[in-house]
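Chemist: Take a look at the letters that make up each chain.
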Amino acid sequence: MQEISIRLNGETRRVAVAPNETLLDVLRGRLGIKTPKEGCGRGDCGACTVLLDGKAVRSCLILAIETDGQSVTTLEGVGKEGPTALQQAFVKQNVFQCGFCAPGVVLAASALLAENPQPGEHEVREALAGNLCRCTGYEPIVKAVLSVAKKTPRRKPATRRKRS
Amino acid sequence: MSQKKVVGTSAVRIDGLDKVTGAARYVDDLDFGPGLLHAAVATSPHAHARIRKIDTSAAERAPGVVRVVTGKDCPHKFGLYMQDRDIFPRDRVRFVGEQVAAVIAETPEAALRAVRLIRVDYEPLPAVLSLGEALRKDAVLIHPDLGRYQRVPWFFPRAGTNIAHWRKTRKGDVEKGFRQADFILEDTYTVPRYAHCPLETHAVTGLFDLSGRLTLWASSQSPFAQRGVMAVALKPFGLSHQDIRIITPYVGGGFGGKAGVSMEIIGAVLAIAMKGRPVRLHWTREQEFMNTSQRQGVVARVKMGVKKSGEIVALEHTLHWDAGASAEYGANVVNAVGLSATGPYRIPNVKIDSVCVYTNMPPCGAYRGFGYSEFHFGLESHMTRIARAIGMDPVKIRKVNAIREGDTLAYGAEMNPGDLEGALDKVARAIRWGRKEKARPHKAIGKAVACFWKAPAMPPNASSAAYLKFNEDGSMNLAVSGMEIGQGFLTVMAQVASEVLTVPVGKIRVETPDTDRNAYEWQTVGSHVTWSCGNAVRAAAEEVKGKLIATVARAKRLKAADLYLDAECVKSRKDKKLALPFRDFVIDGIMRPDGRFVGGPIHGTGMFMPEFTSALGDPETSQGGHPNVHYTVGSAGVVLEVDKETGKLTVLKAALAVDVGQVINPELVKGQIVGGILQGLATALYEDIRYAPDGRLLNPNFTDYKIPTTLDCPVEIVPIMLETPQPDGPFGARGVGEHTMIAAAPNIADAIDDAVGIRLKTMPLTAEKVALALHGIEYDDVKGDNLGFCFRGRPCDYPFDTGGAS
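These protein sequence lines map, in sequence, to chains A and B. Using the numbering used here, the letters of the first sequence map in sequence onto residues 1 to 164. Using the numbering used here, the letters of the second sequence map in sequence onto residues 1 to 806.
With the rest of the complex left out, here is chain B (with noise of 0.2 Å):
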């Protein structure tokens, strides 16, 4: 491959400006007029109710009411894999803060009023607030209907239970495997709930034209996702596809919260009620924690074991999640986990048994990472303790087990490329690994390293297209699907089609999607979109080039095989003097002498879907598909003070090493890494949900759930980039974006037991419970009842029955 001159480069954001200056439009900011209503709903205070009657009268008539609207409007289930989420539901509430009632008002004010005059007559039913309690085998039943909805042919729910999804994967004979072990170490680690808290909320602002069109400016990650089912749920009101347009401007973060469809189909339907005039639904914060989707919660079992060699020779992973009132994202969670939780390491004895369970909490679904830092903490907790009872580095246990090109993945695939060892070496390098800090007075020093991998969890025809195009001036626009999250995605599209073009980034307009004129992307999710889009681009780069040289040489009547691009123009290899600017032909095309034109505006279009993957694995084993695309493998390791008095805990530094087969923007991946890791360490350290007895939230706000600020950062970040290419990614590039916090509550609780000799093994690993275990008080008792409902009582006992489902 011949010299990169823009991919691997640093390019300035080309959305950098606009940030900065306020020009960048997110959906709120978006002007609609004085025709514009104004939506507010009305939410159940019960986890579980049967509803008796909604008595809306005296909202409507409550002043600048325009129109209340329940469940009796829009009878529908929605979902993104499995149609088991209520548009407003009609006969029962499944979680506190589920959506009832709608009113739209002439104000913001005026729906808020009168939102509190609807009254719901409710019925309360036992309510499932744990895991434990929905395993059972006479366990109330969340979804009666289970067995009936729709759903993807890769989830397999057990009707008449809360089972929603159980992912199986079987290689070679795990009871065969302990028998070989040295050693095997068998214990239970717990990781409760967590909220994506993006700056920006929740927002959508709709509009059914009096010809019959929906149009919804979203904040969405996933406009097609969401055009898609929308035109499913909303069938029954006579719109499919071309009647549904959605329209996402920048947006204020989503870190897989404004994946698939969560309040946007509320936003729908109330557009749909007031034909001709656009209604706007704004989730408060409040909303935003309970009523968009969590990180789910999950208790796991790790059951390991080794030779002397530090060789593994079987791994036994059970782990149950707490998926909420509804699966149809989360379940897709569980299952990518239960492909993958071997973690990225070499066994030849799998089982893994990955269940999703309905509880009458607020509904999960993807979160950065999409299961893989909560499967991780276990497991590389696992690692390290493993290799510390049998007397082995903890590094050079990771390093013997360290997965490579080729080797069999737990469902039966091959690996791809991937440098796991040298970003291991990379990391101890960088944190000093094997050398014993000086610690303050008062103070302990710890360090750990971890590794970590993941794939996109996608489905097998996830897709991405693109449409490049020139104006005049030899400027371009590339239209399409992926969302700018914040991950640089527009720049680094601009950079792909720059590579191929020699057309500078800052002459490319990226545009932000609209489903009516930018090409198809499936979702912005699972770190996918540099692989996949950047695919698409590159083809439709590598056709536009074609156009140019292909006009050239008609033109002109040479031969394409001698021409090329070079700085914005079409030049020979033959004929040095030959140089035609892009900008004089691309749209008005090449004067022939005889004064007739060649050409035509150009522009290009490519695709990319990734035809070798397949979900159909055997149920009972996961083996004969390939689920999975590629994983992207790293490594990461911390230095941590803990304070002998207190419990405080002070990262002194963090190192990430990442894989990313080809950088193509060092600045970004840079971002990704240095953002990512407080993410994860503010998942380790601080942000701490409970829940109310009741399954209320207690702290839906920043006040009462911590992320983190300018005064809580590491001392120290140390970002290392990997370059083993991807053979079948643009220029070589594989995605970073979750991976980045993946292994965070690992290197924590593992610099803890490092510095201190505790081993905390339920999540968050907080300064409080690290006072209280040097003080003699067990951890696990700390919060007893209150840990986001994975279970009741303590971690350690909760018995993994599956109520005689299997």
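Chain A with its partners taken away, still in its complex shape (with noise of 0.2 Å):
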């Protein structure tokens, strides 16, 4: 076991880990964090989506190990104060149904404005195009997520922002 440092939701949280233990696991079984779900635990559902320094990753696939010193965000963090403009359009227009896909859908929509703010339908259907869900057809979830874009104000895209 070692014990690794992440910035879970903004929080600085210590655990002990081992090597083989992935992050799904570690996040679940022993932070308490239970959004992030396994759907197949070999990378193809996109249930265990989280952001790991603000990129949209499968938990299932990632050592927990590895993930030390790195901020992970998972859907407990995302909308603290007060759901996002993208989870009250979720809501609004009764996107999801069983809602077992929601956190990693939720997640990887987020990252995708995060740097792309007004993506087309096109770029809407291949970022998500790794998160199954079995229920919606998805027509309403690609709807939801250009409806957000859509309000969203024009500025320059994400990726030539200053880094810190």
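Just to be clear, a hint being listed does not mean it is correct.
[As the list claims (entries may be wrong)] Distance condition first, Cα-Cα at most 20 Å in a straight line; then the derived EDC-like pairs of lysine to aspartate or glutamate: (1) A/Lys80 to B/Asp712; (2) A/Lys143 to B/Glu667; (3) B/Lys53 to B/Glu123; (4) A/Lys143 to B/Glu716; (5) A/Lys143 to B/Asp712; (6) B/Lys706 to A/Glu81; (7) A/Lys150 to A/Glu121.
Just so you know, these hints were derived from the structure itself, not from any lab.
Quick one: dock chain against chain with the hints and give me the complex.
Modeler: Okay, here's the thing in structure tokens:
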């Protein structure tokens, strides 16, 4: 076991992990973070999506030990101050059904909008292609993301932001 | 009926915020503290084998292991409609992946490591891996004790064979009908097995507490049915209904796969083995594919005779189903189809044989559509082919035969209301039927229109109940046991209560099931809960309404007939100034001038049972019973682009019209249509289950069993809702949910034929098959023996022989 320190949803958390433990298992089993779900355990479904330093990744394919010193955002850390515009759109438009894919979809779509605030439909579909949903037929998800993008004021692409 | 205010509006889902914020908890998200134990199961590598000996000694000695459980500890069978499934088999295994033992350990890793140390001495038996082998006269018997199994009275197993059930429906005289026909078409259609693929796999945590009560937290569509099945199967442990409690938080998708009981009963016996400590069992994706239930494969022979006018005069429909190693639930799918395989058509002469056959394949059960998707593939393909053959428009032939209210169904009962012809017109218009679309280079465009119908398949006494109570602030709790599996059940029930009581939907909390605390519900299956539980909720709300009015009438000495509810107040038609807000009296009552109070906590209950149904039709003809409550009818159509070089299929437009009786929430119905269309198209286009010749499932994961992604959607979807009221439904509503995927496969087959003149009769209808067919290679040979083992060899050669059984 080795202790790692991660910035989890804005708070520093230390936890002892075995070298073969996945980030998903550590989040769910040790840190009380239950929104990343295990749908397949092999990177196919995206239900375990978290943001690692702002990038959407599958926490079932990442070893916890690799994330030492990095920032991890899960759905628990999104909309702490109240639901984000994206979450509000998802609620208002009755997007999700069973909701099991929702944490992954919200994070993947949030990462997309942070990177590219005004994506086109194909960009949204590409960005969410790794998040399986068996209920909705995806159409309401894509529409909701686009409705938020439409309302976002234009600004320079995120990639040109100054790095600190 | 007065103007409806809440029913018919797109109320925001009451579980919406829970789900996008992560507040929603699913079974495996619940915490049970450091005392939680973890289980893993050892499974059979053989499709059929005798168990000589199970040696668990090494596993028991492994670090972290607390207990190992085998069939010796629970030698019982279970099942919803027939008790033919082992909790843990003692003498023989019947499919690859069947559980033979379980390890309970302090950590999941310790359990998994120890499972590998279990040594089972098997004597392999000849495995029955196709319908042909299963139905041979000298077939190896998978269930030699079939004749002794407990079952419902409407199942007819043939002891001494592999036939678990045979539903026969006979109406008129088919031979005479075929003699009257101007044209007869007969052909065979094959549908392989499919997997449900809910994103959440099955999960259960069980606690057998020190007082001897068993509580299970399960991912289930059927908490009460589970309790019922377990009360029977676990009776030898001294348990009855009162000792078993099932709690179901949010469920991450069901699609029929979480109906009835599968792995949950393993969780129950493991908990019983570890009195005082909770035990967790969580299926992997691979186990989800192999050891819950799959959709049954079927090979179907359709023989239909029509007049020149297009009028159908006779239908002979024979279906042989691959039920797998147990038919405790799947036989009811077979039963449902045996009653309804005419499709939504008025046919005077009918002969249906729907035969449920055991094989050494994984067990099958309910799957969205409950057999109707499977039989519609052949039947609706046939309708289009016959229309083309007699030079009639495929929409017109459907309208000529479309079933109407009052028509006599194949089993003798009367058809309920429903506007099938209206649905056909609307779909035809949506896809611009009859108009040839211009294709891009190397592409061809085809169109198709099909009909569908489906009834809930329920025991005649399947029922619902509801408890409704007020809180001090005028908000309410509604305790029902229909399951929110994504369809929006909680919201729809709140809308029904809201319509009666004027309490806003957002102020009604609808609780997920707990069999100790919530009202009874048979199961959340068959697209029936909006109708059935909706009736119970409406009755409960009416009772509450009566108490609200009676309380005010008594306290204020007014006539109840003058009082009504509006905007969360009791108001009077006689005294415009009277408006008593619910929150002022629903708990604390109303003070009279002398200081005494009138009233008390206001609550109501409601129940519903379809008292007109009966499953006791004649076994040889199905005449005389009234097995189905009602059918929901509709039509679907597609515009399909076919790449003439690669066979690639792109759905340009999909339209679907369904007569839901009364829309309660348009956005949620639309959600069922859009989601169901994609699930249906996936079974038609990509999902492709494969087994090795020894009965091993080869693709139990999403890498190799493809379900659609955001990039695989139709370019455009047109959802259409019709409203011909259902007289016995809540505000006239009928169910909708399964219906939306039923017509997808015949739509694609017909559109491929329309585009490039190729008729595929074996699902799935992949680009690969189209490409091969375009190059002159017969598609039937493509997968050879590999087709989910419905048959060996070419489907058209399948003999439909039952080895002398009748």
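Chemist: Honestly, which of those hints from before does the structure not fit?
Modeler: 1, 6
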